[in-house]
Amino acid sequence: LTESFQVDPAAFWILSALTLLAAVAVVSTPNIFHAGIYLIFSFLGVAGLYVTLQATFVAGMQVLVYAGAIAVILLFGFMLTHNLMHPELGTLFTQRWLGLALSALLLAASGAALALSTFHTQPDAAEAARVVSLTGLGQALLGPYVLPFELVSVLILAALVGAVVVARKEARP
Amino acid sequence: VDQLIIGLVKDLSGGRVDLPQAAAMLAALVLILAFISVNALFLIWLERKVSARIQNRVGPMMTGPRFLANLSMWTGGVFQTVMDALKLLAKEDVIPARADRFPFVLAPVLVFTVCLAAFVVIPFGPGAAVADLNIGLLYVVAIPSLTVLSIVMAGWSSNNKYSLLGGLRSAAQMLSYEIPLLFALMGPMMLAGTLSMQGLVRAQDQSVWFVVPSFMGAIIYYVCAIAEVNRPPFDIPEAESELVAGYVSEYSGMKFAMFFLAEFSMMWVGSAVFATVFLGGWLVPFVPWQTIQTWFPQGHVLIGIIVFLTKVYIMVFIMMWIRWTFPRVRPDHLMSLGWKVLLPGAFLNLLVCAVIAMIWQVSRGPAALAASLLNIATCLAVLVAVHVRSTGQRRLGEGVGSAP
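Chains as they are written, first to last, in my numbering: chain P, 353 to 525; chain A, 2 to 405.
Hints are computed from structural coordinates only; laboratory data are not their basis.
Treat the hints with care, since some could be wrong.
Claimed, not checked - Reference listing, derived: stretches of chain P covered by chain A, where coverage requires no fewer than 3 residues with Cβ under 8 Å from a Cβ of chain A:
no., segment
1, 386-398
2, 416-427
What the hints assert, rightly or not - Between beta-carbon pairs, the in silico distance windows are:
no., chain 1, residue 1, chain 2, residue 2, range
3, P, A510, A, R331, 27 to 35 Å
4, P, L458, A, K88, 52 to 60 Å
5, P, I366, A, V110, 15 to 23 Å
6, P, I366, A, K162, 36 to 44 Å
7, P, Y497, A, Q56, 21 to 29 Å
8, A, K162, P, F501, 38 to 46 Å
9, A, L384, P, L459, 58 to 66 Å
10, P, L489, A, Q56, 49 to 57 Å
11, P, L373, A, W75, 48 to 56 Å
To be verified - Below 30 Å or equal to it, Euclidean Cα-Cα: the simulated DSBU-like pairs (lysine-lysine) are:
no., chain 1, residue 1, chain 2, residue 2
12, A, K341, P, K521
13, A, K162, P, K521
14, A, K162, A, K88
15, A, K162, A, K92
What you are looking at is a predicted structure, and each value in this text was computed from that prediction instead of being measured.
Backbone N, C-alpha and C fix where the C-beta goes; we use that ideal spot for every residue, glycine too.
Only chain P is shown next, with the shape it has when bound in the complex:
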């Protein structure tokens, strides 16, 4: 499980283009069902990027959880929503100036973070050998990262309880 493999740099560019173009299509298409489909392609592109980073397990999980389950639930929700395709129901964001300002702020913040951090441009031998194996991942989750891992499960439990409370009809006395 620890064997690393070579990835053609072209794969990175193709997958990045797929991810970004699909993401642009998600926010620019007026048809919300089409937006959901483009979102799946964006998810699959991200899964491919994980593969180029040697994280095959994470890539598999990305496909299974995001593309296979979350996207399906999204489309499920669209199908159950009444009058979704009514032409007067605009899906494009109308407050353009506020949106532009917020994105500019986000871009500045992430750009600053990128500019301030240093990257290894040459892979050194020790780093290349440290491909995270599935066993390593499991031991890390139940070892040093056990507290964040359990906190996430509490968060998911809270979301589940919340969903039940919202969906449940109160019994009339």
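Position chain A relative to chain P; hints supplied.
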């Protein structure tokens, strides 16, 4: 497979021809494509023959050599599905006027791509797989989970009530059954300590077939696999008597054929995963692989492939048998079976498998055998409990009111 083809060409030509890597990979791809289409046509023919046998008919008999048809019902009509496929190819490709064209066209393409991709990790024999990915088992579960997307797309874009209902039902069904399916596979994964499909087979060579220590997991996986391909008795997404043809109602010609082809290929993939994970893949029953290798130093790969395909087709046959034997499950029964029986059962199986894996680290003797028997016993207990409960409910229902 590409290495295998290079070796084969070298052997046949007496070491004179050294096939380049790219050509071998192309040949492997063509081989897999040919296998998928011929296999799907064969399975559709087999389904019609099995259904005919179960219903005391003879099935298709006319299309094929006359002398074969005179032989027995099983050799009649061998070209029936080939002709059906040609008919579908020649049909007009209709897209409804009010359909949402982009998802309508994309859905059959996506379902076929997914089904092609799923074949990549199937271990046909020792060393004979297109790729032995280190996450093979996860891959072969994750990729087919994308078929539900194309079903939802098809259901929505057809702009038809029945299609939409079929898509909705399918999404609910496949999402529910994916969870027990994954947990049922986690037991064998823990016993083998790997996710590689070839690694799983080798681990079973060194211990026993995982159907023994993970008996309940095997049954749960098989039920979930049938539900995942929307086959009867879990075919509520395309229930003919209620929904015309469900999500494929508006499809015709080659687009319909792609859905059909994908369904039968996915059924084969589900059986192949079962054979790999629970029935020892290409291992010969009761004979260690080392012995086979010493007996047949030349042809052991071929033996592995034949054994594997035999196991897969037996599991496919049982799926067909189930289809023509049991009536369709009611939607609410389907949900309660998935969430209240299969999921807790899969958890229980995981627990027992964990105990067996712990024991295996110390010894592989009687204690492990006892634990395996424990798994089988709990499975039977659960089955009996479910049966008693359901018959009890039926009696209760009979007493309350008279059905019209």
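- Message: K341/A and K521/P were given as a pair; does the straight-line alpha-carbon distance stay at or below 30 Å?
- Response: Given pair K341/A, K521/P holds - Cα atoms ~22 Å apart, limit 30 Å.
- Look at the Cβ atoms of L373/P and W75/A and judge whether their distance stays inside 48 to 56 Å. holds (52 Å)
- Satisfaction of the hinted span 52 to 60 Å by the C-beta atoms belonging to L458/P and K88/A: holds (56 Å)
- Message: Tell me if the straight-line CA distance from K162/A to K521/P falls inside 30 Å.
- Response: holds (28 Å)
- Task: Just tell me: holds or violated, for the beta carbon distance of A510/P and R331/A against 27 to 35 Å?
- Result: Taking Cβ atoms as reference, A510/P and R331/A lie about 33 Å apart, which means the hint holds.
- Measuring from beta carbon to beta carbon, are L384/A and L459/P in 58 to 66 Å? At 59 Å between Cβs, range holds.
- Message: A range of 49 to 57 Å was offered for this pair. Does it hold for the Cβ distance of L489/P and Q56/A?
- Response: This hint holds: roughly 51 Å between Cβ atoms.
- Verdict on chain A covering the segment 416-427 of chain P, where coverage means 3 or more residues with a C-beta closer than 8 Å: This one holds; 8 residues, not fewer than the three required, reach chain A with a Cβ under 8 Å.
- 21 to 29 Å as the expected CB spacing between Q56/A and Y497/P, which holds or is violated: At roughly 58 Å between Cβ atoms, Q56/A and Y497/P fall outside 21 to 29 Å, so the hint is violated.
- Item | Pair hint outcome, K162/A versus K88/A [Cα-Cα no greater than 30 Å] | Judged against 30 Å, a Cα distance of about 28 Å means the pair holds.
- Query: Are the Cα atoms of K162/A and K92/A separated by 30 Å or less?
  - Reply: It holds: about 25 Å lies between the C-alpha atoms, which stays within 30 Å.
- Given the range 15 to 23 Å, decide if the beta-carbon distance of I366/P to V110/A lies inside it. holds (19 Å)
The structure shown violates just one earlier hint, number 7.
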